Amino acid sequence: MPELIDILIARYNYWVVICLMMIGLYAMMAKNNLIKKIIGMSIFQTAVILFYVSIATKHDASIPIIGHGHNGHHAIHAADYMNPLPHVLMLTAIVVSVATLGVALALAVKAYQQHDTLEEDEIIEQLKTEYLSQ
Amino acid sequence: MKRFSLICVLLFGAVLLYGSMDFPAFGDPESPASRHLSPYYIKNAIKDTAVPNLVTAVLADYRGYDTLFETAVIFTAGLACFLLLRRFRREPPEFRLYRHIDTGVTLIIEQGGKEPTDSNEFQQIDSQWVPYDLIIQKAAGLVVPFLQLFALYVIAHGHHSPGGGFQGGVIFGATLILMAISNDLRSTIRRVSEAVSSKLASTGVLIYAGIGALCLILGANFLNYSQLSKLIHVSSVMARSHGILLIEIGVGLAVAAVMVWIYYNLVSAGRHDEGL
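From first to last, the protein sequence lines stand for chains A and B.
Using numbering that gives the first Met the number 0, read the first sequence as starting at 0 and increasing by one per residue.
Using numbering that gives the first Met the number 0, read the second sequence as starting at 0 and increasing by one per residue.
Just so you know, these hints were derived from the structure itself, not from any lab.
Be a bit skeptical, because a hint or two may be false.
Claimed, not checked - Quick list of in silico lysine to aspartate or glutamate cross-link-like pairs, DMTMM-like style, CA-CA up to 25 Å:
no.: 1; chain 1: A; residue 1: Lys57; chain 2: B; residue 2: Asp21
no.: 2; chain 1: A; residue 1: Lys57; chain 2: B; residue 2: Asp101
no.: 3; chain 1: B; residue 1: Lys1; chain 2: A; residue 2: Glu121
no.: 4; chain 1: A; residue 1: Lys57; chain 2: B; residue 2: Asp27
no.: 5; chain 1: B; residue 1: Lys113; chain 2: B; residue 2: Asp101
no.: 6; chain 1: B; residue 1: Lys42; chain 2: A; residue 2: Asp79
no.: 7; chain 1: B; residue 1: Lys46; chain 2: A; residue 2: Glu121
Treat the numbers as computed from the prediction; the structure is a model and nothing was measured.
Pulled out of the complex, with its shape left as it was, chain A reads as follows (with noise of 0.2 Å):
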């Protein structure tokens, strides 16, 4: 039992990481209100990039930023710098996000305009009954 929680405790940012995208994944599946899917979505976008930046730490390691002075009188050990590959591709992927929520948002903007309603059942039952009556 002992070595089960310290299984557990070394690896708890995938248990948050885990929690939030399954937050978002419900969200995106059973919610009605096609705001509430895309803020689920959201959610799930920043679990990963959790966990994403959560596997770059190294213990005992500094940011990724070399200090100044280091001019070549010792040598850099990579040991003491964080993986700066994982933060360079969230940094695009956040602001990636941040766009790819506004076309999300002009999409509920527009199934609003037509449909003067965002609840997913009832833009189902008006096309149902457009699609039925041609």
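Fit chain B to the given chain A structure using the hints.
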């Protein structure tokens, strides 16, 4: 449906949690993600590019091709919002509201009526107008120039401290959105019009792609900034550092302009007359 999705989510979460048992522990320096490529970046980035901020060096130099298309994605998102929402031909509104600034009297001008032109005496107001809060308006007006200066600092100082084109561009775009929220949409559009923001967005992407093409013309690979040393008479390592600064400026322009452009279209549902 709710119960079904709850069961699905719980099952999926349990599978993921079970899978995470095999993952490296939190903060493990020997994890596979930190073993292969990142030691090369950490050891060689300052030798290759003279940029101490490894994130900027990897973003704009080693993975410059990737970042070029990330910028293109952001530009495409702005374009998609524009094409989805923007309405040019529209029926004129039934009435417009003008407020006499000195007395606070509101005039309702019906369709076809003559509208007051003197902007010192009359001010057009939104149909759902609430009196502006003086404190919010003045505080935002005081803060905006300093925030914009900070955004430029974040872009220009991205080599040595956390920052760069994406972050600075977002801060700059947010200051313009703050102006639109604290005053009104029309006054912000008068300052930064839609034409300006869309042109700046495409200029930003073109600066990035143009620097890449310039390296191609100078006889190196696309986005290999070391060839810029032929133009600006510095060592090839410093040329890479300057090349990174140039494309960060392009990224910052594109991101700031796209943020503002998306905001204009979303907040007024494409009509650009009134909004938050």
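>> Output the indices of the hints that this structure fails to meet, ascending.
In response: Failing hints, ascending: 2, 7.
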